[in-house]
Every structure is written in C-alpha cells, then in structure tokens.
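There are 2 protein chains.
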Amino acid sequence: MQKLIDKILKFGEVYPDRVLKVDSFLNHQVDMDLMSEIAEELYSRYLGTDINKILTLEVSGIPVACACAQVFNVPIVYAKKTETKNLPDDVYTNTVFKPNDKGYDITVAKKFLSPEDRILIVDDFLAKGYALKSLIELSKAAGATVVGAGIVIEKGFEHGGDELRKDGVRVESMVIMDEIKDDGQISFRN
Amino acid sequence: MQKLIDKILKFGEVYPDRVLKVDSFLNHQVDMDLMSEIAEELYSRYLGTDINKILTLEVSGIPVACACAQVFNVPIVYAKKTETKNLPDDVYTNTVFKPNDKGYDITVAKKFLSPEDRILIVDDFLAKGYALKSLIELSKAAGATVVGAGIVIEKGFEHGGDELRKDGVRVESMVIMDEIKDDGQISFRN
Numbered sequence: 050m051q052k053l054i055d056k057i058l059k060f061g062e063v064y065p066d067r068v069l070k071v072d073s074f075l076n077h078q079v080d081m082d083l084m085s086e087i088a089e090e091l092y093s094r095y096l097g098t099d100i101n102k103i104l105t106l107e108v109s110g111i112p113v114a115c116a117c118a119q120v121f122n123v124p125i126v127y128a129k130k131t132e133t134k135n136l137p138d139d140v141y142t143n144t145v146f147k148p149n150d151k152g153y154d155i156t157v158a159k160k161f162l163s164p165e166d167r168i169l170i171v172d173d174f175l176a177k178g179y180a181l182k183s184l185i186e187l188s189k190a191a192g193a194t195v196v197g198a199g200i201v202i203e204k205g206f207e208h209g210g211d212e213l214r215k216d217g218v219r220v221e222s223m224v225i226m227d228e229i230k231d232d233g234q235i236s237f238r239n
Numbered sequence: 050m051q052k053l054i055d056k057i058l059k060f061g062e063v064y065p066d067r068v069l070k071v072d073s074f075l076n077h078q079v080d081m082d083l084m085s086e087i088a089e090e091l092y093s094r095y096l097g098t099d100i101n102k103i104l105t106l107e108v109s110g111i112p113v114a115c116a117c118a119q120v121f122n123v124p125i126v127y128a129k130k131t132e133t134k135n136l137p138d139d140v141y142t143n144t145v146f147k148p149n150d151k152g153y154d155i156t157v158a159k160k161f162l163s164p165e166d167r168i169l170i171v172d173d174f175l176a177k178g179y180a181l182k183s184l185i186e187l188s189k190a191a192g193a194t195v196v197g198a199g200i201v202i203e204k205g206f207e208h209g210g211d212e213l214r215k216d217g218v219r220v221e222s223m224v225i226m227d228e229i230k231d232d233g234q235i236s237f238r239n
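Each protein sequence line maps, in turn, to chains A and B.
Numbering (this note's numbering) for the first sequence: 50 to 239.
Numbering (this note's numbering) for the second sequence: 50 to 239.
Be aware that one or more of the hints could be misleading.
Pairs count within a copy or across copies, as identical chains cannot be separated in the list.
[As the list claims (entries may be wrong)] Using 27 angstroms as the maximum straight-line C-alpha spacing, the simulated DSS-like pairs for lysine-lysine come out as follows:
id, residue 1, residue 2
1, Lys-147, Lys-130
2, Lys-59, Lys-129
3, Lys-70, Lys-134
4, Lys-52, Lys-189
5, Lys-70, Lys-129
6, Lys-159, Lys-134
7, Lys-189, Lys-151
8, Lys-189, Lys-134
9, Lys-129, Lys-151
10, Lys-59, Lys-159
11, Lys-177, Lys-215
12, Lys-56, Lys-159
13, Lys-52, Lys-159
14, Lys-151, Lys-130
15, Lys-189, Lys-159
16, Lys-130, Lys-189
17, Lys-230, Lys-52
18, Lys-147, Lys-134
19, Lys-215, Lys-59
20, Lys-160, Lys-56
21, Lys-230, Lys-56
22, Lys-130, Lys-70
23, Lys-70, Lys-59
24, Lys-70, Lys-177
25, Lys-182, Lys-129
26, Lys-129, Lys-177
27, Lys-147, Lys-52
28, Lys-147, Lys-177
Simulated from the structure, these hints should not be mistaken for lab results.
Bound conformation, chain A alone:
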C-alpha cells in the first residue's frame, strides 16, 4: 500500500534494534482517513468471505479495527489485557507469550464469541506473532472460525507472519518490512 509506505518514510522514526515508531499516525495520534483506506483495502481482499466480526486487542489495534468494523458493517470486539489471576468463568482467556517476560493474559466475554462467528483479527503491528497467535487460540476456544488477519505493518524480519502463513493462516498485511538498516533505511517486500 503505497500511501502507507509514504507515511512510514515521511513520519516514521527508526530507533536501534529495528524499532519503528509511528505514533504520529498509527498508535498515539491516529490518522483515521488512512485507517479507513486500510479498511477498504482489507474489505476488497476479504471479499466474499462472510466475515461477521472484527476482533482486536487493546489498545493500539482498536482504531484500525474500528475503521474495519465500519467498512465491513459488523461489530468490533476488543480483547482486554488483564493482570487478574482470578478470572470469572464467563470469559475466554489466553496467555500472550513473551520471551524474557511473564507475558500477559487476554480475555473476551464468552457472550461475544460463538461458533457462528467468522472472524477477521486486526492489529496495528505483527512481529513475532505472539498476540495474533493468542487471539487465534482464544477464537478457536470459542468455536469461532478465524477467516484471517489484517495487519497494518508487518515486521517480516521477525518471521511471525510467515510462520502463521505456513500454518495455513491467511495474513494480509498492508506493508511488510523485510529490513530496517542501522542507518534507518527500510526495505519493503514487493
């Protein structure tokens, strides 16, 4: 998606360890026009797949997921992060694995996911895929069908997206970065 590449090149800030900061249009200040264009692109890619729910994870996935909910004309559900050990029994839960960290739990109220659901999981970033894998497992626990994922920026060099594709998960990313060099130059996958 050329417009997104242009935005990344113009406003993205590269930090050491291949960190890309895009808080001027994606995850602190948000350009909702861009989110709507991304939603339109995802809608065209997923045309005919009968998606009836958008699922994301708080916080930074919510704006693009809201735009998708409007374009797909379906509800959005956002999973909540929780540190509570004693969860009520009316939620589905899963743990997002983080190496060198204890990770965190995510929950969705059982009443908002069902075997009738055909879900598009939406998020702002995909790196190693820990959050996405957790959202997929949580959806499966509800008996729902995960039609696929819609990602704004995929860090291809972290391999989470390609691993999921190998496992048969449909992952549509608006841009895939294959490298961020030390001088800040970014290579995008064609």
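With chain A's structure known, arrange chain B on it following the hints.
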C-alpha cells in the same frame, strides 16, 4: 438521543451501586454505526467551533473518538495511562485523581498538542469527571484550547458534568442518567 436510550434499555445491565454495564455496544463489543451517529450529533452541536483535534483517554474512549475524528475530519490523539514514575520530558502528564485509590498518570507526547489546537475531548462515560478534568488540565498545560467535551453516557447523579458546566466547560452528553433505581429502572434527563 433516543437510539442510545433504546440501546441502554435493551442491552444495558444494571448492577448494585448504580453500575451500568454496556459492554455489548460501547466498551468491549462496540457498535460502530451507533458511534458514527453519536459523532454526527456531536458534529452538529459543535458546528462552527473550528475543532482541529479529538482527544480521548485509552481504552474505552477510543472507538467513539475514532468515529468523531472521521466526522470532524481531524486527527485523534489518545492519552496513555502509565504507571512509570520516570517519565521522559517530551510528554505532558497529569494525574487522574481517584478517591480511595492512588489514581493513575496520563501522558500525551508534547509534539501532538500545541497552542494552535482547538480540542474536543471525547469519552464513553462521565461520572465524577476525574478523567475529563485531568484531560482538560493536560490540554491547558500544552496551551491548547478545550472547545468542549463530548460524552456518550453521563451519570448525572455523580455530578461531575454539572460541576464542569458550572466552571464554564461545555459538556455535551448524548444521554444523562439522573437515577438508577435498585430495581434497575433508569431515569433519563430531558
């Protein structure tokens, strides 16, 4: 706003201590059609006020703020909640007071608020007004003008909204609840 009242009466769940749970359409699963209608209503109420930025607080204010950003055709900025004591000096910060609790700090990167900004603060709920007051103070620290607030559900019986109006803050709420009775009956202000 009659459609919102109908939604509250149909899907809202009343719990002890006048707690209203509306997680089926406002703050877990979200009805973006309704958020867009609320945004249109706020746009018409704030017509001619030259709002150039929507400000909210993560998490549950984000969906309605995103809808407003689209209708007003301006960016949204969401303040972040933080538990970090050592904040960088490139953020504005303010503490959200909570009685019987230590409260929490909110931050916005300085680059996203300026004296040129004319801000509409948007949130899902307004009760005692602690979060809203904190967002107003944070905006003022940036030299920005707070044109007003747009609230989905105001708990009138908590008096935060009326206190702010007395202080000269424009607060537009889509519904104001004046009472939630023990039997679950809700009185709406005309």
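Hints and how they fare:
1. Lys-147 <-> Lys-130: Both: 14 angstroms inside a copy, 21 angstroms across copies.
2. Lys-59 <-> Lys-129: between (32 angstroms within a copy, 24 angstroms between copies)
3. Lys-70 <-> Lys-134: The answer is between: 22 angstroms across copies meets 27 angstroms, while 32 angstroms in one copy does not.
4. Lys-52 <-> Lys-189: For Lys-52 and Lys-189, the Cα distance exceeds 27 angstroms both inside one copy (34 angstroms) and across copies (34 angstroms).
5. Lys-70 <-> Lys-129: Classified as both: same-chain Cα gap 23 angstroms, cross-chain 15 angstroms, threshold 27 angstroms.
6. Lys-159 <-> Lys-134: within (18 angstroms within a copy, 36 angstroms between copies)
7. Lys-189 <-> Lys-151: Within. Shortest intra-copy distance 23 angstroms satisfies the 27 angstroms Cα cut-off; inter-copy 38 angstroms does not.
8. Lys-189 <-> Lys-134: within (22 angstroms within a copy, 39 angstroms between copies)
9. Lys-129 <-> Lys-151: Both. Shortest intra-copy (17 angstroms) and inter-copy (22 angstroms) distances satisfy the 27 angstroms Cα cut-off.
10. Lys-59 <-> Lys-159: between (42 angstroms within a copy, 19 angstroms between copies)
11. Lys-177 <-> Lys-215: Intra 14 angstroms, inter 51 angstroms, cutoff 27 angstroms: intra-copy only.
12. Lys-56 <-> Lys-159: between (38 angstroms within a copy, 20 angstroms between copies)
13. Lys-52 <-> Lys-159: Answer is between: at 26 angstroms across copies they meet the 27 angstroms cutoff, but 38 angstroms inside does not.
14. Lys-151 <-> Lys-130: Classified as both: same-chain Cα gap 13 angstroms, cross-chain 21 angstroms, threshold 27 angstroms.
15. Lys-189 <-> Lys-159: within (12 angstroms within a copy, 42 angstroms between copies)
16. Lys-130 <-> Lys-189: Classified as within; 18 angstroms inside a copy, 31 angstroms across copies.
17. Lys-230 <-> Lys-52: Result: close within a single copy only, 21 angstroms intra versus 52 angstroms inter.
18. Lys-147 <-> Lys-134: both (17 angstroms within a copy, 23 angstroms between copies)
19. Lys-215 <-> Lys-59: For Lys-215 and Lys-59, neither the intra-copy (33 angstroms) nor the inter-copy (44 angstroms) Cα distance is at most 27 angstroms.
20. Lys-160 <-> Lys-56: between (38 angstroms within a copy, 17 angstroms between copies)
21. Lys-230 <-> Lys-56: Cα proximity of Lys-230 and Lys-56: one copy only (18 angstroms, versus 51 angstroms across).
22. Lys-130 <-> Lys-70: both (22 angstroms within a copy, 18 angstroms between copies)
23. Lys-70 <-> Lys-59: within (12 angstroms within a copy, 42 angstroms between copies)
24. Lys-70 <-> Lys-177: Answer is within; shortest intra-copy Cα gap is 17 angstroms, inter-copy 35 angstroms.
25. Lys-182 <-> Lys-129: both (15 angstroms within a copy, 25 angstroms between copies)
26. Lys-129 <-> Lys-177: both (20 angstroms within a copy, 24 angstroms between copies)
27. Lys-147 <-> Lys-52: neither (32 angstroms within a copy, 43 angstroms between copies)
28. Lys-147 <-> Lys-177: Answer is within: at 10 angstroms inside a copy they meet the 27 angstroms cutoff, but 37 angstroms across does not.
Checked against the numbered hints above, the structure breaks hints 4, 19 and 27 and satisfies the rest.
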